[in-house]
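Student: With the sequences and hints as input, model every part of the structure.
These are the residues of each chain, in order.
Protein chains: 2
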Amino acid sequence: MRELSVETESKIVLLVVDGLGGLPMEPGGATELEAANTPNLDALATRSDLGLSRPVAAGVSPGSGPGHLGLFGYDPLRFQVGRGVLSALGVGFDLQKSDLAARINFATLDGSGKISDRRAGRIPSEKGEELVQLLNENLKLDGVEVSIVHEKEYRAVAVFWGEGFSGELSDTDPQRVGLAPLPVQPHDDSPEARKSADLANSFVEKANEVLADQHPANTVLLRGFGMHPALPSFEEAYKLNAAAIASYPMYKGLARLAGMALLKEGEGIAGEFETLKQSWDAHDFFFLHIKPTDAAGEDGDFDRKAAAIEEVDAQIPGLMDLGPGALAVTGDHATPAKMKSHSWHGVPVLVNSPYTLPTADRFGERPCAGGSLGVFPAEEIMGYLMGHALKLNRFGA
Amino acid sequence: MRELSVETESKIVLLVVDGLGGLPMEPGGATELEAANTPNLDALATRSDLGLSRPVAAGVSPGSGPGHLGLFGYDPLRFQVGRGVLSALGVGFDLQKSDLAARINFATLDGSGKISDRRAGRIPSEKGEELVQLLNENLKLDGVEVSIVHEKEYRAVAVFWGEGFSGELSDTDPQRVGLAPLPVQPHDDSPEARKSADLANSFVEKANEVLADQHPANTVLLRGFGMHPALPSFEEAYKLNAAAIASYPMYKGLARLAGMALLKEGEGIAGEFETLKQSWDAHDFFFLHIKPTDAAGEDGDFDRKAAAIEEVDAQIPGLMDLGPGALAVTGDHATPAKMKSHSWHGVPVLVNSPYTLPTADRFGERPCAGGSLGVFPAEEIMGYLMGHALKLNRFGA
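In the order they appear, the protein sequences are chains A and B.
Note that numbering that gives the first Met the number 0 has the first sequence beginning at 0, numbered continuously upward.
Note that numbering that gives the first Met the number 0 has the second sequence beginning at 0, numbered continuously upward.
One or more hints might be untrue.
So the derived label-pair ranges between C-beta atoms look like this [what the hints assert, rightly or not]:
#1 A:Pro376 <-> B:Arg365: 22 to 32 Å
#2 A:Gly322 <-> B:Asp302: 51 to 61 Å
#3 B:Thr7 <-> A:Glu8: 50 to 60 Å
#4 A:Gln95 <-> B:Arg365: 47 to 57 Å
Derived lysine-lysine pairs resembling BS3-like cross-links, with alpha carbons at most 27 Å apart [stated by the list, open to error]:
#5 B:Lys10 <-> A:Lys339
#6 B:Lys10 <-> A:Lys337
#7 A:Lys339 <-> B:Lys238
#8 B:Lys151 <-> B:Lys126
Everything labelled a hint here was simulated from the structure, so no lab data went into it.
Given the structure is predicted, the values throughout are model-derived calculations rather than measurements.
No residue lacks a Cβ here, since even glycine has one placed at the ideal position from N, Cα and C.
Tutor: Structure below.
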């Protein structure tokens with residue numbers, strides 16, 4: 000891909016409707032996408048290639064990390080990203096490839112050293128910010144700089160700056176109240192992992208000293224240790240000047256992993272499309288992330304998911320007016336309301352450009368199953384987008 | 000898969016209708032499965048995911064070994080299993096990973112040292128058993144134990160116990176009468192292969208001495224050398240307590256390779272389903288193997304193959320009454336009556352669970368070609384079954 004890609008004037012839009020794939024609630028019924036009234040997507044389908052994408056592996060329900068890495072064209076089995084890394088990037092921290100990141104939960108220790116609340120009574124964001132400042136001012140580690148950035152409420156991120164770290168570390172969160180926090184343990188015997196475990200344990204010890212008087216937020220739990228996976232950037236891989244429009248930190252973090260610029264999103268779905276319009280001239284690739292579909296699916300709310308899809312549908316004419324060279328409308332995984340969770344099922348994919356082989360007159364799982372893209376790995380979507388945007392040279396003589 | 004799999008209460012059934020895939024006898028005609036009257040499978044299809052599986056590689060017709068290894072989720076190109084190993088496991092021999100196995104055919108040597116009958120006049124099983132006993136009592140090798148187990152008529156299995164063997168050996172069977180048996184030759188230069196070849200040649204020499212007076216069964220031909228491929232078991236790979244119901248030794252051997260328990264099968268197709276019912280509580284995975292479809296296909300008997308499929312169809316309601324969490328109905332390869340042989344064609348796959356995206360109202364090659372699973376590698380079926388049975392954790396954050 001890196002060898003074949005060329006810069007052109009045309010622009011690519013990857014519209015990710017999170018958890019788009021669905022299932023009928025009952026045999027014989029429609030899926031969320033099929034039930035939604037989507038005149039604009041249906042009209043687009045008559046001019047588009049359709050297919051069902053398979054994220055990660057057969058039967059495997061992906062988290063958002065591997066789901067998006069696949070959409071961005073990376074092998075999600077090869078590049079595994081710790082949640083701490085996504086959080087650090089998501090809050091805008093300029094994580095370097097040698098840094099170690101972990102998520103922090105403020106929590107409550109009782110008098111006997113056991114966790115009595117894993118979320119410190121869900122302290123408000125103002126309190127969380129204050130505690131983060133307290134830690135940044137008072138917590139010093141020997142020979143290693145550490146930065147703590149507040150995320151939201153009781154959640155924050157710690158980034159250890161330096162060299163010779165490993166993210167192969169266990170969490171301290173015992174996952175249940177009434178238990179003592181666990182010590183961080185290395186997953187392997189490398190000196191890097193042992194050093195990093197010592198460092199993390201020392202961090203917890205010193206945080207406990209600093210927070211001693213801050214009940215209910217008198218300790219921290221560390222989770223999701225990880226290091227930057229050192230992905231090739233979109234610039235390197237595709238020669239694309241890529242930008243992301245996403246309203247949640249995790250998706251911003253994923254976009255930053257791929258070297259995308261983060262655009263300030265507007266309010267709600269319409270606001271994100273408005274941002275796209277305003278930034279149209281500045282980039283040649285846009286990742287636009289829509290969250291409410293996934294949230295509705297997780298809640299088991301079929302109708303709310305369908306309504307969110309309809310809200311996206313209403314933005315399609317404005318998007319097409321911008322004149323993208325290639326557009327994909329898809330999801331990072333299925334989140335069927337029937338299952339109230341991410342699932343392994345095929346995700347509808349629509350690829351539009353002037354060079355398509357349309358097979359149906361509507362967008363939905365069933366038309367996609369019989370489409371000209373077939374059932375195919377999600378990692379291939381970026382290749383199709385690059386091809387449809389005429390950004391790939393011929394391979395071979 | 001090993002990292003994501005979890006134990007749950009739900010049960011998985013893999014119903015393998017051997018050689019299920021077929022072809023129309025004439026253009027415009029139906030396949031065996033499409034021609035068969037299968038009201039129960041058709042009703043199930045309206046509540047199931049459909050697809051066509053591709054065994055091994057494009058255009059490649061698999062033997063039963065690779066066909067089944069793929070269905071069990073193993074890479075059939077990576078794990079190649081000698082026929083001797085399947086025979087040894089099939090007759091219930093507790094083959095260890097360091098043992099060497101080979102198939103034996105009793106045969107006839109004429110006065111000039113040439114093979115005059117490669118099957119020793121198809122001696123009856125009683126005679127075969129008697130000769131195996133004679134060999135076991137009288138054939139001694141230097142420093143290595145060997146066990147011979149009778150299979151059927153003129154066929155037996157030899158297992159060499161010990162260490163430092165290799166299965167990379169040529170057969171002694173010249174494949175034609177009127178030729179002398181071939182010496183066993185190593186396929187590579189390893190000391191293991193050379194040692195094993197010497198051992199096998201010494202075995203033939205000593206067998207000839209023991210059998211000298213046993214015309215027409217006065218020699219043995221050795222074929223299909225191999226060692227246990229050391230597959231991860233179903234317990235290791237999937238945390239499944241798996242059992243097999245199969246009426247032929249080879250399929251029992253394949254199931255044992257994967258660490259499955261062998262259940263005593265009842266008489267015929269109905270008997271196998273009866274065994275399933277009686278053993279339902281004892282296991283959480285069942286491999287049920289149906290042979291007559293493949294045999295009819297090999298005979299070129301389209302109607303008999305369709306009738307065998309109908310016989311399976313009649314058992315579906317009883318199977319569904321057991322309440323499997325996930326069920327696959329498929330084959331290990333196609334055996335089109337038109338070709339009278341195994342073939343490379345797509346094999347219909349039906350996966351049923353509460354979480355499906357049905358696309359058709361009948362089970363057949365054509366509906367499967369447009370199904371929501373697409374055309375996909377047979378190795379992925381186990382992933383789908385694990386997913387549908389809710390036995391896989393989410394992958395990644």
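Student: If a hint holds in the structure, say so; if it does not, say that too.
Tutor: Hint-by-hint comparison with the structure:
Evaluation of the 22 to 32 Å hint for Pro376 of chain A and Arg365 of chain B yields a pass: the beta carbon distance comes to about 25 Å. Gly322 of chain A and Asp302 of chain B have their C-beta atoms about 60 Å apart, which keeps the hinted 51 to 61 Å range intact. A C-beta distance of roughly 53 Å is found between Thr7 of chain B and Glu8 of chain A, which places it inside the suggested range of 50 to 60 Å. At roughly 55 Å, the beta carbons of Gln95 of chain A and Arg365 of chain B sit within the given window of 47 to 57 Å.
Of the supplied pair hints, the one linking Lys10 of chain B and Lys339 of chain A holds, its CA atoms being roughly 22 Å apart against a limit of 27 Å. Only pairs whose Cα atoms come within 27 Å are accepted, and Lys10 of chain B paired with Lys337 of chain A is accepted, the gap being roughly 20 Å. Proximity of Lys339 of chain A to Lys238 of chain B is assessed by CA-CA distance (about 25 Å); at most 27 Å being required, the pair is judged to hold. Annotation: proposed proximity of Lys151 of chain B to Lys126 of chain B holds, straight-line Cα distance about 10 Å (limit 27 Å).
Of the numbered hints stated above, none is contradicted by the structure.
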